[in-house]
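Protein chains: 4
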Amino acid sequence: MNTSLDQGIEQAIRGSFDRQGLMSTLGARIDAIAPGRVTLSLPIGPAVSQQHGFAHAGASFALGDSAAGYAALSLMPPGSEVLTVEMKVNLIAPAAGVRLIALGEVMKPGRRLSVVRATLWAEDAEGSRRETALFQGTMIPA
Amino acid sequence: MNTSLDQGIEQAIRGSFDRQGLMSTLGARIDAIAPGRVTLSLPIGPAVSQQHGFAHAGASFALGDSAAGYAALSLMPPGSEVLTVEMKVNLIAPAAGVRLIALGEVMKPGRRLSVVRATLWAEDAEGSRRETALFQGTMIPA
Amino acid sequence: MNTSLDQGIEQAIRGSFDRQGLMSTLGARIDAIAPGRVTLSLPIGPAVSQQHGFAHAGASFALGDSAAGYAALSLMPPGSEVLTVEMKVNLIAPAAGVRLIALGEVMKPGRRLSVVRATLWAEDAEGSRRETALFQGTMIPA
Amino acid sequence: MNTSLDQGIEQAIRGSFDRQGLMSTLGARIDAIAPGRVTLSLPIGPAVSQQHGFAHAGASFALGDSAAGYAALSLMPPGSEVLTVEMKVNLIAPAAGVRLIALGEVMKPGRRLSVVRATLWAEDAEGSRRETALFQGTMIPA
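Residue numbers (my numbering), protein chains in the order written: chain A, 1 to 142; chain B, 1 to 142; chain C, 1 to 142; chain D, 1 to 142.
This is chain A alone, in the form it adopts within the complex (with noise of 0.2 Å):
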């Protein structure tokens, strides 16, 4: 438990991931939420995978941008949702691994609208990891 999070902020992150279909579809989880960053995970296997069998540049950009969009809610007013307006990804390796992990922190909280960035490493089986997506993107409350 993050004792500097508001509890409501918290409930309402885990509530709105809970209802997004395809983050079960996925298999993603939430693995920590502080305020200004959240962390998510996957899973990587044949239900995510590309041709080679290395997680999608879909399922990569789809935690990524996840993880940036609940790290702009974590500091927006209680009751407030939020949407991705605009989101770019820089892929840097192949996403190779057992789990694929996004960490999405704001780089500056806004009234209006919230920049963001995302960085996503894969994990192999020995818990090493390797960077392999960079975002950044604009968050705006719903």
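Source of the hints: derived by calculation from the structure; they are not laboratory data.
This structure is a prediction, so every number in the text was calculated from the model and none was measured.
If chains are identical, the list can't say which one is meant, so a pair holds when it fits in one copy or spans any two.
In silico SDA-like links for lysine to any residue, alpha-carbon gap of 20 Å or less:
#, residue 1, residue 2
1, Lys108, Ala96
2, Lys108, Ala34
3, Lys108, Trp121
4, Lys108, Gly36
5, Lys108, Ser4
6, Lys108, Ala142
7, Lys108, Glu81
8, Lys108, Pro141
9, Lys108, Ala93
10, Lys108, Ile92
11, Lys108, Arg130
Given chain A's structure and the hints, the job is docking chains B, C and D onto it.
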């Protein structure tokens, strides 16, 4: 059948698509392949939803990115594979409806890099379409 | 003169453009204004060059971003000003020639945000044009 | 002098910078060069202004893009040159003050492509700095 598209290229695209576990997980299919232009679609439903029942940005991204990638692949030499270098999406309307359709297009083919765009529409039960997202990115032969 | 464009809007765009020191520094001018579409140009020369004598990516960006911003402003309520939220450019060919031309277009006007694209061409001394850059971004009323 | 940076690379960066007419037009200078990190700055004034007297997004882009490009060049083999493949900028605060400072950083060097980020600050007359823009993009050896 597209008479101006090399049969080997079309088979390579269909084969690659069939090996992408995520496309199957999302229920995506290939609607059309032409030189430099590929159309994909997927049914909007609980498996790809965000918290309001619209298609999740991650599902939108996966479809648009794949359409753009296969459009690039359609102009590459036989035997090529394609990877996303980077992709940016602007989400312009909620992806509400029954079907999501992505048209990927090559703006500038290249030996080293291809610049691509994609357009996403959500189609309702009556068949009317609304533009929901615009993509611009870079593909590289693998 | 464009009869379908509000005269006040056209004056607002021309006035704003004239107050942008950088446009004057770069030698840029307004070539055309229509609702949702603005064309700007600048002479390619030593003042805007990179190390090979082509127009610098920074000059290309300034022209494309401004064309896109004024295109967005042309559809905003009278008295508005416009700011770039974010902009992405793909550079697809060297900006070699005598003149750089930017067409900015509104893809999705909005009360809160407008999604824009721009295309850049380099024109040679004979008047033939080559596409050099593609932009996609977001504008906000200020 | 940076003892860990190859002297030839530093000279190549300074030589390339000096041949960029736009950097001279904007009054930009190199503040620091280290392996994978380059800092540039320019005075905020009428020559680079937008309609409110702040630095124009085009000037911000030119500085951030150049800092990122030279950061990439600092890790490339001697004799290389560098081109921007694509660049995305999020503008997060008005570039108000007396000086604009850009730090370019290599996130992932590569033989074929380098992924870069840059941060821009506006500095006021008292020397206090405010973050104004975040960049993420791709560089390629020319």
